[in-house]
Amino acid sequence: MALVELREIRKTYHLGGETIHALDGVTLDVQAGDFTSIIGPSGSGKSTLMHILGCLDSPTSGSMSLDGVNIHDATPRELAKIRGEKIGFVFQFFNLLPKLNVAQNVELPLIYQGISSRSRKEKSMHALKLVGLEDRAKHRPSQLSGGQQQRVAIARALVNDPRIIFADEPTGNLDSHTGEMILETFCKLHQEGRTIMLVTHDPEIAALTPQKIEIRDGKIALDVDAKLAGKESRFKLRGSPEPNP
Amino acid sequence: MNLLNAIFIGLKDIWAHKFRTLLTMFGIVLGVSSLVAMAAVITGMEKGMKESMIAMGGLDKIRIDDEDVPAWQDHLKTQAPGRLIRDVEALQASAPLITTISPEMRLDWRATRVTRQGKSASTSEIVGVWPAVLEMNLYEVAHGRFFCDLDEEFANSVCVIGTGVRDQLFGSPEEEGQEVVPLGQIIQIGGQPFTIVGMFKHYESEQERKLKELAKKQAQEDSGGVKRQRGWSGAKKWGDAFWRKNNVVYMPLNTAWIKFRAASNDDLTPDPRLTDIDIKIADLDLLEPALQQARNVMLVTHNGINDFEFDTQENQINDIRTRIRNMRISQGVIAGLSLLVGGIGIMNIMLASINERIREIGTCKAVGASSEAIFTQIIVESIAVAMLGAVVGLGFSFLLVELIEIASPAQNSPIITAYPMLIAVGFSGLVGVVAGLFPALKAAGLHPIQALRYE
Ligand SMILES: Nc1ncnc2c1ncn2[C@@H]1O[C@H](COP(=O)(O)OP(=O)(O)O)[C@@H](O)[C@H]1O
Ligand SMILES: [Mg+2]
Chain R
1 MALVELREIR KTYHLGGETI HALDGVTLDV QAGDFTSIIG PSGSGKSTLM HILGCLDSPT
61 SGSMSLDGVN IHDATPRELA KIRGEKIGFV FQFFNLLPKL NVAQNVELPL IYQGISSRSR
121 KEKSMHALKL VGLEDRAKHR PSQLSGGQQQ RVAIARALVN DPRIIFADEP TGNLDSHTGE
181 MILETFCKLH QEGRTIMLVT HDPEIAALTP QKIEIRDGKI ALDVDAKLAG KESRFKLRGS
241 PEPNP
Chain D
1 MNLLNAIFIG LKDIWAHKFR TLLTMFGIVL GVSSLVAMAA VITGMEKGMK ESMIAMGGLD
61 KIRIDDEDVP AWQDHLKTQA PGRLIRDVEA LQASAPLITT ISPEMRLDWR ATRVTRQGKS
121 ASTSEIVGVW PAVLEMNLYE VAHGRFFCDL DEEFANSVCV IGTGVRDQLF GSPEEEGQEV
181 VPLGQIIQIG GQPFTIVGMF KHYESEQERK LKELAKKQAQ EDSGGVKRQR GWSGAKKWGD
241 AFWRKNNVVY MPLNTAWIKF RAASNDDLTP DPRLTDIDIK IADLDLLEPA LQQARNVMLV
301 THNGINDFEF DTQENQINDI RTRIRNMRIS QGVIAGLSLL VGGIGIMNIM LASINERIRE
361 IGTCKAVGAS SEAIFTQIIV ESIAVAMLGA VVGLGFSFLL VELIEIASPA QNSPIITAYP
421 MLIAVGFSGL VGVVAGLFPA LKAAGLHPIQ ALRYE
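Residue numbers (the numbering used here), protein chains in the order written: chain R, 1 to 245; chain D, 1 to 455.
If you are wondering where the hints come from, they were derived from the structure by calculation, not from laboratory data.
A few of these clues could be false.
If you want the footprint, here are the derived chain D segments under chain R, 3+ residues with CB under 8 angstroms [to be verified]:
1) 315 to 326
2) 339 to 351
3) 393 to 402
Restraint ranges, calculated between C-beta atoms of paired labels, are given here [said to hold, decoys possible]:
4) D:L351 with R:Q143: 21 to 31 angstroms
5) R:P98 with D:R323: 47 to 57 angstroms
6) D:L422 with R:K138: 33 to 43 angstroms
Beta carbons: idealized from backbone N, C-alpha and C, even for Gly.
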C-alpha cells in the first residue's frame, strides 16, 4: 500500500455563477521515500492539490488515504492531529510567527501536540541542526534572511518527524542562489529517507527530483518524464540524485 | 495542547502590544479599583456609623421630637405647647411601659461660652439633664460623682464634663504627661461660675485607640532624644461622634432652666421648652403599645395637638441602611459600567488582533492546531488581559484608598475587605471570558486555507 493514495480527486469552486474545476479527477500514489515534484503552470491546481494532500482542505469528491488512514471521513479535529503528527508543510512565504523566536517557531507543532517543553527543546534543536541554524535559535524571524527563514520553516516541518513533507514553491520567494541551498537541503533530507513532495513551476527544479508529476488544468499530464528527458538542469547540487533517464 | 502553552502564547502577544494592552485594560482597572475602593469606603462608613450609633445610646432609645402639627390642626399651630417638663412628669406617672425617661434642656452653645482663666473650650453641647441621662446616652462617670436630687432641687451650679473639655481647659494627659482630673475646679459657663463635680470616661473608636497606642510606642522608642511634640492629635477630629461624646458639659436640668432659660433667651422671655425627651422601654417587643401609651399621655398634656413624634433608633438605623444600600447600588452601577466598557475594549482589541493574525492562525492550524486549541489560545489571552487589569486595579484600589484617607482624614477610614476583591476579580474573569468568546469562536472557525490565503 502506498503512503499516499489519491483516487479521482475533484475540487470545484463556484465563483459567482462560474464553476472552476481546480482539480478534475486526480489519481496518484506516493510511495514512502519518494521525492516528487509537481510541476505545472500557474493556476493549474498545484496548490489546491498540495492543500488536499496536506489535509488542509477537503476535496469536493474522491477519496484519499494517508499512511493507511482514510482522510475523507476524518473529523476536523482528527485532521488537525494528522497534520500535527504525520505531515510537515513548507510555504512559499515561510509563514513564521513574528512574535516567537526561531526555536519557539520550530517548536510550534509540538506545542499543539502537548509535548513537554524539555523534549520540545531537544527536538527543535535537533531540527535546527539539520538545517544548519542551531546558532540562531534565539533570533527573531525578522532578523534572518529569506533563505534562513525558509530553513527555519523546513526545521519546523521536520520537528515532528513527519511521514511526508509538502513544500509549495519553497524557492518561489527566494533568489536562485538561496533557492539552490534550499533545494540542497531537500535533497539531503531525501537521501536520509524522507518522503517529500515539492511544487514548482520551474522545469529545471523538477528535473532534479526522481519522481515528477505535471498538472494541467486540474488534470495529471502523462508525458511529463518524456518531456523532461534529456533536459540539463542548471542546478548542480552536491549529492543531487541522478535524474531518471 | 495544554493550558500552560496557551497562556504562554497568549501572554507573548500581550507583551508584544504592551501599550495597547494597557489602554485596553484601563476599563477593567477602573472598574475593579472603584469597586474595591468604594466598598472599602462604605465598609468604613458602616463601621463608623455603627460605632457612633452605639456611642450615642442603645437600640432601645426612643426620642420624642417636635413635629409640625398635621394639616387638619393647622389652625391650632400657635397653641402648640412643645415638649415641657410637664410631659415628662405625666409620662412618668401614666406610662408604665416606659422604664427610663431623660429630659434635656440644651443651651445655645454659640451664645454660652465655656471658659477658664482666659482659655475657652469648644463644646458639642451644654445641656441640663437628669441623672437618667447616664443610662440613656451610655455615659460613665470615671471621676467624681454625677448630680444628686439636691443639685436638681436647688439648681446648684455644678457640672460634669467630658474629657475633651478637660483637654481644652486644663490640658490633656498626653500634654501633661499624667492624668488630669479637675474635680472641684471652677469654670465659667456663660459667665456664671460652675464647680466641676465629675468627669466622664474617655470615649474613642477602635481605630483611634490603635493609633494612640502606636503613637505611644513610637514615643517610647525615641525617648531619650530631643523631646518633641509627639502627642497624638487624632482626638480633635471635630464633628466625629466620639468627639461629640467627649466634649459635653452637663448640668442639672433645673440649673439650666433657672440660671439660663428662665430669663436669658434672645428677647429675655422664659423658654421652658425641652430640647429632647429620650425614653427607654422595658422590652423592644412592647414597642408599639409603649409608644401608643406615650402618645395618649402626651396628647392629653398637649390638649390634643399632635406636635410631637417618636423617633426610634430603629428608624435611624433603617435610614442608614437605606443610605448604605443606595450607595452600594450606585457603586455597583459605576463599577459594572466600567467593567462593561472594559469588556467591550477587550473584545474590540481581540477582534482587531485576530484580524491582524489571520495568516498566523492559518499557519498554526497547518502545523496541527485544532480549532479547540485556537479557541483556548484566544480566550486565554482575553482572560489574561482582563485578569491583568484586575490585578492592576487591585493595586490601584489600595492607592485610591490611601488617597481618600489623605484627602479626608476626619472621616471614617476606608476598610478594604476580601469579599469585594474576590467579586471584582471574579467579575473581571467573567468579562474576559465573555469578551473573548466571540473573537475566539471567530478565530477557531476559520478555515485553514482561507486563513492562509488571507491578505
Ligand atoms: N478559494 C478559491 N476560490 C475560487 N477559486 C479558487 C480558489 N482557490 C483556487 N482557486 C482557483 O483554482 C485554480 C487552481 O488554483 P491553485 O491551486 O492555487 O493554482 P496553482 O497553485 O497551480 O497556481 C485557479 O484557477 C484558482 O483561481
Ligand atoms: Mg500556487
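Results of checking the hints against the structure:
Here's how the region 315 to 326 of chain D fares: 0 of its residues keep a CB closer than 8 angstroms to some CB of chain R, so the rule of at least three is not met and the hint is violated. By the rule of at least three residues with a Cβ nearer than 8 angstroms to a Cβ of chain R, the coverage given for the region 339 to 351 of chain D is violated, with 0 such residues. Interface restraint, the region 393 to 402 of chain D with chain R: violated (0 residues with C-beta to C-beta distance below 8 angstroms; minimum three). For the hinted restraint 21 to 31 angstroms between L351 (chain D) and Q143 (chain R), the CB-CB distance of approximately 30 angstroms keeps it satisfied.
The hinted range of 47 to 57 angstroms is satisfied by P98 (chain R) and R323 (chain D), whose Cβ atoms lie roughly 56 angstroms apart. Range check, L422 (chain D) to K138 (chain R): about 41 angstroms between beta-carbon atoms, so the 33 to 43 angstroms window is met.
Figure legend: structure checked against the earlier numbered hints; hints not met, in rising order: 1, 2 and 3.
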